[in-house]
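Please work from the sequences and hints to get the whole structure.
Here's the letter readout for the chains.
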Amino acid sequence: MHFTINGQAYDADLDIRTSLLDLCREHLGLTGSKKGCDHGQCGACTMLVNGRRINSCLTLAVMHQDDEIVTIEGLGTPENLHPMQDAFVRHDGYQCGYCTPGQICSAVGMLDEVKKGWPSHVSGDLTSAALSDEEISERMSGNICRCSAYPNIVDAISEVAGLTPAEREVAGA
Amino acid sequence: MAEMVMDQAQRPGGLDRAEQGLLGAPVPRWEGAAKVTGAAPYAYEQSPPGTVYVAIVPAAIGRGQVTGVDAGGAEALPGVLAVIHDDPRMPAGEGNSRAKPQPNTGRVYHYGQAVAMVVAEDGEVARAAARLVQVRYEETPGRFDVEKQAPIREHGLGFLPAIDKGDLDAAMAAAEVTLDETYTTPVHFPAALEPHATTAWWEDGQLTVRTSNQIAGAARKTIATALGIEASRVRVLAPFVGGGFGGKTGVGPEAVYAAIAAERVGRPAKVVLSRRQTAYVAHHRSHTTQRIRLAAGRDGRLSGIGHESVAAQNEIGEFLEPVPFGTLPLYAGENRRFRTDLVRVDLPATGAVRAPGEAVGTFGVECAMDELAHRLGIDPIELRRRNEPEVDPTNGKPFTTRRLLDCYTQGATRFGWERRDATPGSVRDGEWLIGMGMAAALRGNFTVEAQARVRLEVGGRAVIETDMTDIGTGTYTILAQVAGDMLGLPMTAIDVRLGDSDFPASAGSGGSFGAGSSAAAVALACEDVLAELALRMNAAPEDLRLKGGQVSAGGRSAALADLVRDKAVEGHGRMAPGKVSRATSQASHGAQFAEVAVNAVTGEIRVRRMLGVFDIGRVLNRRTAQNQAVGGMVWGLAYALSEDGVVDTRDGRFVNPDFGEYHVAVNADVPQIECEFIEEVDDAANPVGAKGVGELGISGAGAAVANAIFNATGVRVRDFPVTLDKLLAGLPPL
Numbered sequence: 041m042h043f044t045i046n047g048q049a050y051d052a053d054l055d056i057r058t059s060l061l062d063l064c065r066e067h068l069g070l071t072g073s074k075k076g077c078d079h080g081q082c083g084a085c086t087m088l089v090n091g092r093r094i095n096s097c098l099t100l101a102v103m104h105q106d107d108e109i110v111t112i113e114g115l116g117t118p119e120n121l122h123p124m125q126d127a128f129v130r131h132d133g134y135q136c137g138y139c140t141p142g143q144i145c146s147a148v149g150m151l152d153e154v155k156k157g158w159p160s161h162v163s164g165d166l167t168s169a170a171l172s173d174e175e176i177s178e179r180m181s182g183n184i185c186r187c188s189a190y191p192n193i194v195d196a197i198s199e200v201a202g203l204t205p206a207e208r209e210v211a212g213a
Numbered sequence: 002m003a004e005m006v007m008d009q010a011q012r013p014g015g016l017d018r019a020e021q022g023l024l025g026a027p028v029p030r031w032e033g034a035a036k037v038t039g040a041a042p043y044a045y046e047q048s049p050p051g052t053v054y055v056a057i058v059p060a061a062i063g064r065g066q067v068t069g070v071d072a073g074g075a076e077a078l079p080g081v082l083a084v085i086h087d088d089p090r091m092p093a094g095e096g097n098s099r100a101k102p103q104p105n106t107g108r109v110y111h112y113g114q115a116v117a118m119v120v121a122e123d124g125e126v127a128r129a130a131a132r133l134v135q136v137r138y139e140e141t142p143g144r145f146d147v148e149k150q151a152p153i154r155e156h157g158l159g160f161l162p163a164i165d166k167g168d169l170d171a172a173m174a175a176a177e178v179t180l181d182e183t184y185t186t187p188v189h190f191p192a193a194l195e196p197h198a199t200t201a202w203w204e205d206g207q208l209t210v211r212t213s214n215q216i217a218g219a220a221r222k223t224i225a226t227a228l229g230i231e232a233s234r235v236r237v238l239a240p241f242v243g244g245g246f247g248g249k250t251g252v253g254p255e256a257v258y259a260a261i262a263a264e265r266v267g268r269p270a271k272v273v274l275s276r277r278q279t280a281y282v283a284h285h286r287s288h289t290t291q292r293i294r295l296a297a298g299r300d301g302r303l304s305g306i307g308h309e310s311v312a313a314q315n316e317i318g319e320f321l322e323p324v325p326f327g328t329l330p331l332y333a334g335e336n337r338r339f340r341t342d343l344v345r346v347d348l349p350a351t352g353a354v355r356a357p358g359e360a361v362g363t364f365g366v367e368c369a370m371d372e373l374a375h376r377l378g379i380d381p382i383e384l385r386r387r388n389e390p391e392v393d394p395t396n397g398k399p400f401t402t403r404r405l406l407d408c409y410t411q412g413a414t415r416f417g418w419e420r421r422d423a424t425p426g427s428v429r430d431g432e433w434l435i436g437m438g439m440a441a442a443l444r445g446n447f448t449v450e451a452q453a454r455v456r457l458e459v460g461g462r463a464v465i466e467t468d469m470t471d472i473g474t475g476t477y478t479i480l481a482q483v484a485g486d487m488l489g490l491p492m493t494a495i496d497v498r499l500g501d502s503d504f505p506a507s508a509g510s511g512g513s514f515g516a517g518s519s520a521a522a523v524a525l526a527c528e529d530v531l532a533e534l535a536l537r538m539n540a541a542p543e544d545l546r547l548k549g550g551q552v553s554a555g556g557r558s559a560a561l562a563d564l565v566r567d568k569a570v571e572g573h574g575r576m577a578p579g580k581v582s583r584a585t586s587q588a589s590h591g592a593q594f595a596e597v598a599v600n601a602v603t604g605e606i607r608v609r610r611m612l613g614v615f616d617i618g619r620v621l622n623r624r625t626a627q628n629q630a631v632g633g634m635v636w637g638l639a640y641a642l643s644e645d646g647v648v649d650t651r652d653g654r655f656v657n658p659d660f661g662e663y664h665v666a667v668n669a670d671v672p673q674i675e676c677e678f679i680e681e682v683d684d685a686a687n688p689v690g691a692k693g694v695g696e697l698g699i700s701g702a703g704a705a706v707a708n709a710i711f712n713a714t715g716v717r718v719r720d721f722p723v724t725l726d727k728l729l730a731g732l733p734p735l
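As you go down the protein sequences, you meet chains A and B in turn.
Letter by letter, the first sequence follows residues 41 to 213 in the numbering used here.
Letter by letter, the second sequence follows residues 2 to 735 in the numbering used here.
Treat the hints as calculated values from the structure; they're not laboratory data.
Hints may be right or wrong, so weigh each one.
The following residues of chain A were derived to be distant from chain B, with all beta-carbon distances above 10 Å [claimed, not checked]:
| id | residue |
| --- | --- |
| 1 | Thr44 |
| 2 | Val162 |
| 3 | Thr167 |
| 4 | Glu178 |
| 5 | Val210 |
A few chain A residues facing chain B, derived, Cβ under 8 Å [stated by the list, open to error]:
| id | residue |
| --- | --- |
| 6 | Gly76 |
| 7 | Pro118 |
| 8 | Arg130 |
| 9 | Gly137 |
| 10 | Cys139 |
| 11 | Thr140 |
| 12 | Ser188 |
We put the beta carbon where it would ideally sit given N, CA and C, even for glycine.
So, in structure tokens, the structure goes:
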């Protein structure tokens, strides 16, 4: 099978039961995406597929032959960090680092959803969702950080989103 | 070798002379770029070529004996290399430095116990084949309901003996006011996000295991014991550990399985527990039943305090939750009784999870103090002030540093405690009932031996090597900060190499002793380096001034690289506990505050804000220390409101062994949390004067939330977690 991941072409000979996550981790050497639960419960495996964030443990690799897949390795490198990666470092939005690639991919995907006007459970207005700390927390709740660096994660994302202190405090409902 | 045995309070001179300005500063994590880009390698990653996959076959009964295994169906699957079940070295449970791994006798001690493994060419085949292995059992009735087992009083388990000082019963009979209440806490899973995983390979009779483990040196010995080989033939690597929380302090059977599989098929082998398997194969924190008795005068002064508990362990486990550990030095009162009785069960092993003792013991004692304050009509902080002891009230030893009263004062001011209405259920915000609560935090401090090596290399870079781990705790960063300050180097000129059992032995990560002990060892190794540099400068070590890679003494100055020239300077450091460690009572302290909103209609509980003020000795890195402390507070929040491991008492299975049903805190549960430190360097704790952080934050945090819920609603829930069903009947009329 052929895959396009981080703009690069890959070929792989796969068991059809292989998840997109295991394709990357076990066959392509892209181990940045993490497996925390393999059940879509923790978010550590979050990737961007055609621009949308998904739990890559819940989808089979064979379903993604023609998709544009971006993993944490495609966002930035240690020498050239993506702004979200840089913000996580500066705000200490992590501890052990295991959930971090998923958090960062999820955050990038989430900000794009907000830009498109998608509301969330806490949005007061279903047609013009504005970002706030409460919105960020709600929209990032599919990504578990057992070390519980949540306040710093929110700080990092709100900085990348360019929120002012007043905007951060707005209640959604 | 520069050594310090803690026979008295002491501090390496280089720390006081430091000019680089790193120690204590909120320096970003040394390994940050590797973590945020996914480049940091964890145990299951970057496998050697040809690595095979191991899948574990779990026991399908709760207690009994394996009578036979039919591997035919599994072996017939293409890609299966071996099904292994009869190797006596396959441990029945976890092993650690104290408890040897129990060998495989076919006996089943709990549901989900590893009883066999499949080795295959890929993970999909291994997992599918594991389900085809037919295990036959002789099943016997199990003890699955902790509440139905008779407690054993004389059991010899755990490090904390029963304490009975004075006469608590007489004090209770004579007291003007008494409290006698029982609190329960449920099973808690450590639930590190990285599941337990190991990659193992043999080369010329030498075993290397890359494993997710908190204590590399101990893991090496335990693995060697399990395999019946010399420890010198085992090398353990744990450069990155995706969270531990106590759950990775021992060596699980899966790590030994991987080594056996690699040996059997002659190729590297790797194994990872599925999320559900982690609940069974790794240990959890026991449920506890805690009876708290307080005997007091009307002025609130305690004449007696009792903390008597029951905790569970299975037939082969040797650990017992030291429930009252944090209560021992906390409050005055001459009559004192502390004990933890044991119930034996046929469930997965219980073990050390973040702050064993305090994490759950504070729910008992700190809610009881809140209840007593309410009965007496005394402010909860004032009640605690009146019972602040001058020396350890249990063993009479002097405290080293104890800023608990300052934590109360500073916390109350910052939190706005004076705005709290002491009458429960009296503050409303629309349909929400608002309440404030507080609790003391205390976590015993341990001094544990540690060693490290620091090498100033040709070119002037420094390299730190120790078998210490970084499990998210910030070890890489703080050790670089220590060496940077001691040697006058920026963070970018320092390499840190951790988690390799071939490096000098440390204490590992556990019991909050890692930062203080390993930082001390690194500081001492740097002292050793400084001694050599002083020789080369023809000066005394105390006259050296080091900053920005330059060293000066007596009016002369040189670049470190020039001083090193073509011969690296290597230093060794060792710190060990001594007389002052034994003669003093040491702990980290704090005050926890929480404000909650409880929906008056639905009983839904939201934590609106939390504040922790902590006394942790020297702060090694303000940013990572705050992150640790706040993370602990979030654990307390989740212990108070949602974490609840449920046992199906019919068969010994867990009802909720995954993140879908066992509810750790998610982002939306957590408000912005404030945390500050009252810094007093504790020179008796260790040479860098740092006390434990990682477990302090959880201590008392959940009790503060529970006490805030009482203040909001007037409903006192003593069986944790506090869920809305336990509140609804008692909520004030709408």
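Hint by hint, here is what the structure shows:
no.: 1; hint: Thr44; in the structure: holds (18 Å)
no.: 2; hint: Val162; in the structure: violated (8 Å)
no.: 3; hint: Thr167; in the structure: holds (22 Å)
no.: 4; hint: Glu178; in the structure: violated (5 Å)
no.: 5; hint: Val210; in the structure: holds (14 Å)
no.: 6; hint: Gly76; in the structure: holds (5 Å)
no.: 7; hint: Pro118; in the structure: holds (4 Å)
no.: 8; hint: Arg130; in the structure: holds (6 Å)
no.: 9; hint: Gly137; in the structure: holds (3 Å)
no.: 10; hint: Cys139; in the structure: holds (5 Å)
no.: 11; hint: Thr140; in the structure: holds (5 Å)
no.: 12; hint: Ser188; in the structure: holds (4 Å)
This entry does not satisfy hints 2, 4, going by the numbered hints stated previously.
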